[in-house]
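Colleague: Listed here are the chains, written in short residue letters.
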Amino acid sequence: MKRTFVISVVAAALLALVPLFIQSPYALHIFILFFIVVALGESWNILGGFAGQYSVGHSAWYGIGAYGAFILLQQKNVAPWFGVWVGVAVAVIVALAVGWITFRLRGPYFVLASIAVAEIIRLLALNWKDLTNGAEGILASDLPPLKLGGTMITDWNSKTPYFYMGLLMAVFCIAVNYVVKGSKLGYYLQAIREDQDAAHSLGIPLTLYKNAALGISAACTALAGSFAAFYVGFIEPQGVFGIDVSIQMVLTCIIGGIGTVSGPIFGALVLVVLTEMLRASLAQAHLLVYGVLVVVVILVMPEGIVGFASQRLRRRKAAAA
Amino acid sequence: MAVLIQSILSGVLIGGVYALTGIGLTLIFGVMRVINFAQGELVMVGMYGTFFLFSLLGVDPFLSVVVTMPAMFLLGAVLQRSLINRVLDALPQNQILLTIGMGLVLSNVAMLAFTSDYRILSTSYSSSSVPLGPIRLSTPLIYCFLITVVITAALYWFLVKTDVGHAVRATAQDRDAAQLMGVNVRNMGVLAFGLGSALAGAAGALVAPTYYIYPQVGGAFTLKAFVVVVLGGMGSIIGATLGGVLIGVAESVSGTYFGSGWKDVCVYVIFLLVLLLKPAGLLGKSRM
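In order, the protein sequence lines correspond to chains A and B. According to the numbering used here, the first sequence is numbered sequentially starting from 263. According to the numbering used here, the second sequence is numbered sequentially starting from -19.
Everything labelled a hint here was simulated from the structure, so no lab data went into it. By construction, the Cβ of each residue, glycine as well, lies at the ideal position given by its N, Cα and C atoms. Where hints are given, some of them may not hold.
[To be verified] List of simulated lysine-lysine pairs, DSBU-like, C-alpha gap at most 35 Å:
| id | chain 1 | residue 1 | chain 2 | residue 2 |
| --- | --- | --- | --- | --- |
| 1 | A | Lys391 | B | Lys243 |
| 2 | A | Lys338 | B | Lys243 |
| 3 | A | Lys264 | A | Lys338 |
| 4 | A | Lys409 | A | Lys391 |
| 5 | B | Lys258 | B | Lys243 |
| 6 | A | Lys391 | B | Lys141 |
| 7 | A | Lys443 | A | Lys579 |
| 8 | A | Lys579 | A | Lys264 |
| 9 | A | Lys443 | A | Lys264 |
[To be verified] Label-pair restraints from in silico Cβ distances:
| id | chain 1 | residue 1 | chain 2 | residue 2 | range |
| --- | --- | --- | --- | --- | --- |
| 10 | A | Leu540 | B | Asp156 | 43 to 49 Å |
| 11 | B | Asp40 | A | Leu358 | 49 to 55 Å |
| 12 | B | Ser240 | A | Asp506 | 19 to 25 Å |
| 13 | A | Tyr449 | B | Ile(-15) | 58 to 64 Å |
| 14 | A | Leu540 | B | Thr103 | 34 to 40 Å |
| 15 | A | Ala542 | B | Ile(-15) | 50 to 56 Å |
| 16 | A | Ile355 | B | Ile(-15) | 38 to 44 Å |
| 17 | B | Ser96 | A | Ile292 | 21 to 27 Å |
| 18 | B | Thr103 | A | Gln285 | 54 to 60 Å |
| 19 | B | Leu36 | A | His291 | 20 to 26 Å |
| 20 | A | Leu401 | B | Leu43 | 44 to 50 Å |
| 21 | A | Trp390 | B | Ser96 | 24 to 30 Å |
| 22 | B | Leu92 | A | Ile355 | 39 to 45 Å |
[What the hints assert, rightly or not] Here are a few chain A residues that sit away from chain B, every Cβ distance over 10 Å (derived from the structure):
| id | residue |
| --- | --- |
| 23 | Asn339 |
| 24 | Thr413 |
| 25 | Val556 |
With the sequences and hints as input, model every part of the structure.
Modeller: Here is the structure:
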């Protein structure tokens, strides 16, 4: 564990040096996309991976975070780095309310309920035009410059500040996963994932701990989601609340290895690289990559890259011994 | 009053199509315990098939059911044999993800092949309607409903009266017992998925004259099919038929009184309420 920690810190430090050597906006853009996908995947992993509750409606928290910050910026001129916390708070409150109701459902029923909730929230955003501007969406054209004690830190006019924000976001979400996994909460969640009834009979309050996982997961998703939205600079209901957003989060974890801290990182790497490589030839149909990937992963290595690799490693060790 | 009756009747007519997709979903679930998240995408494939049969060969969309259903049966059987069959014993979550992946592949291949343009299939009777006292009912929807009734009746007859139908229902009731009685449960899976796809294809053909046709249209049908099936009770075919009509009416009435933007909200709220208050559905046995 100590070794992985050192490797992670060194990797993050090396990544932080990237903008000093690479100025190409396209290359930086790819890195930023990668950080966003990692952050979102890790966020989903807390509920889906550790607690085993496969939500396919996480776009709800992504969208609420993004809309919260965008609406405050547009209507009240609140800077995003303050507005974001309102978005996160709203997402967590709504998530807990929804969780309280839907966590009594299991397996496929929970999946269906999570999709329905995200769909209801998308339709609310579409129809509540006074607040959300409906299908036209909201544009965040110029962000106020970020100042700290009078000194200007950035005016957001290049990719570099987004690069560091993205890196920070990804590292934060990975750290949250790491802490949760090793905590009492994490063990409870994994017990619930492995056998809900056994966990219950041991006295673990199921709904309470599932809700704790959902709250943390929704907060991280809202945070990463609003960052992603500001990076794009524009939001509309289908773009942030659509099921594609949720599927991407699930896929990142499935490909990398569900319930592992490092899984979403590998998953994001595969997703971003493949999507970018095929973007030109697939154009609008870029989700084809997701579809093919998920089918292949489920059939060939349902444990994901990390699970597959560690299985191989164990087998090799066993063969050597 | 006339407005209310009008919207209830329109709801019943369109509900027939929701029932078809729902029956397909519930049949697949009943026999294999797999929830097919690609059901709506199969409807989409049926819509495109009907569209091209009409625009290239001039086949009437309602007649084309005769072609789309067997073709979709084959597609479903192939999908079952090549993909679904391999995850029958996997975690339910993995089965769901596999079908979600299948759906993504179908809709994105459609986008590559046909672009994301909206297409409209307009026949000579597309915008005509039949007067019924103060009420007017759209002609294509009436045709659509009548064919739905015929298909549903034929399916009931198949399941209740034929030996193969008995085997399908036996597999749905108890897989192991059916196998012990000499039913080839693997073939039943292929048959169920084929039938489910054929029903989705029929639904696609029947709505093609009244809906926009585009690659992502499936998502809405998938969600509706779930709502219908959960409302009626997972695995219950009569439940799905009833659920389809109820959802059609709920959608149509709420669309009339709250505006079309809110009708889907009402449908999903009903869905959540059913999940929470009566998760077994109106006619289903509890499988929680």
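Colleague: Does each hint hold? Answer for all of them.
Modeller: Quick rundown of the hints versus the structure:
1. This hinted pair checks out: Lys391 (chain A) and Lys243 (chain B) have alpha carbons roughly 16 Å apart, not beyond 35 Å.
2. Among the hinted pairs, Lys338 (chain A) with Lys243 (chain B) is consistent with the structure: their alpha-carbon atoms are about 32 Å apart, no more than 35 Å.
3. A threshold of 35 Å between alpha carbons decides the hint, and for Lys264 (chain A) with Lys338 (chain A) the separation of about 46 Å lies outside it, so the pair is violated.
4. The straight-line distance between the Cα atoms of Lys409 (chain A) and Lys391 (chain A) is roughly 33 Å, inside the 35 Å bound, and the hint therefore holds.
5. Distance restraint check for Lys258 (chain B) and Lys243 (chain B): the Cα-Cα separation of roughly 22 Å lies within the 35 Å cut-off, and the hinted pair is therefore satisfied.
6. Under the criterion of a C-alpha separation no larger than 35 Å, the hint pairing Lys391 (chain A) with Lys141 (chain B) is inconsistent with the structure, at around 54 Å.
7. Taking the CA atoms of Lys443 (chain A) and Lys579 (chain A), the gap is near 26 Å; set against the 35 Å cutoff, the hint holds.
8. For the suggested pair Lys579 (chain A) and Lys264 (chain A), the alpha carbons sit about 21 Å apart, so the restraint of at most 35 Å is met.
9. Of the pairs offered as hints, the one joining Lys443 (chain A) and Lys264 (chain A) holds, with about 15 Å between alpha carbons and a cut-off of 35 Å not exceeded.
10. Distance hint check: the CB atoms of Leu540 (chain A) and Asp156 (chain B) are about 44 Å apart, consistent with the given range 43 to 49 Å.
11. Distance hint check for Asp40 (chain B) and Leu358 (chain A): the Cβ-Cβ separation is about 53 Å, which falls inside the suggested range of 49 to 55 Å.
12. Distance hint check for Ser240 (chain B) and Asp506 (chain A): the Cβ-Cβ separation is about 24 Å, which falls inside the suggested range of 19 to 25 Å.
13. Between Tyr449 (chain A) and Ile(-15) (chain B) the Cβ separation comes to about 59 Å, which falls inside the hinted range of 58 to 64 Å.
14. Under the hint 34 to 40 Å, the C-beta atoms of Leu540 (chain A) and Thr103 (chain B), about 38 Å apart, fit the expected range.
15. Checked against the hint of 50 to 56 Å, the pair Ala542 (chain A) and Ile(-15) (chain B) passes, with Cβ atoms roughly 55 Å apart.
16. Range check, Ile355 (chain A) to Ile(-15) (chain B): about 42 Å between beta-carbon atoms, so the 38 to 44 Å window is met.
17. As the Cβ distance of Ser96 (chain B) to Ile292 (chain A) is approximately 25 Å, the hint placing it in 21 to 27 Å holds.
18. In this structure the hint that Thr103 (chain B) and Gln285 (chain A) lie 54 to 60 Å apart at CB holds, the actual value being about 58 Å.
19. Checked against the hint of 20 to 26 Å, the pair Leu36 (chain B) and His291 (chain A) fails, with Cβ atoms roughly 42 Å apart.
20. Remark: the range hint 44 to 50 Å for Leu401 (chain A) to Leu43 (chain B) is upheld by a beta-carbon distance near 48 Å.
21. The hinted range of 24 to 30 Å is satisfied by Trp390 (chain A) and Ser96 (chain B), whose Cβ atoms lie roughly 27 Å apart.
22. Separated by about 41 Å at the C-beta atoms, Leu92 (chain B) and Ile355 (chain A) satisfy the suggested range of 39 to 45 Å.
23. Even its closest Cβ contact with chain B, about 29 Å, leaves Asn339 (chain A) beyond 10 Å, as expected for a residue assigned away from the interface.
24. Every CB of chain B is more than 10 Å from the CB of Thr413 (chain A) (nearest about 47 Å), matching its label as outside the interface.
25. Here Val556 (chain A) does not stay apart from chain B, with its beta-carbon only about 3 Å from theirs, under the 10 Å limit.
Violation of the numbered hints given earlier is confined to hints 3, 6, 19 and 25; the remaining hints are satisfied by the structure.
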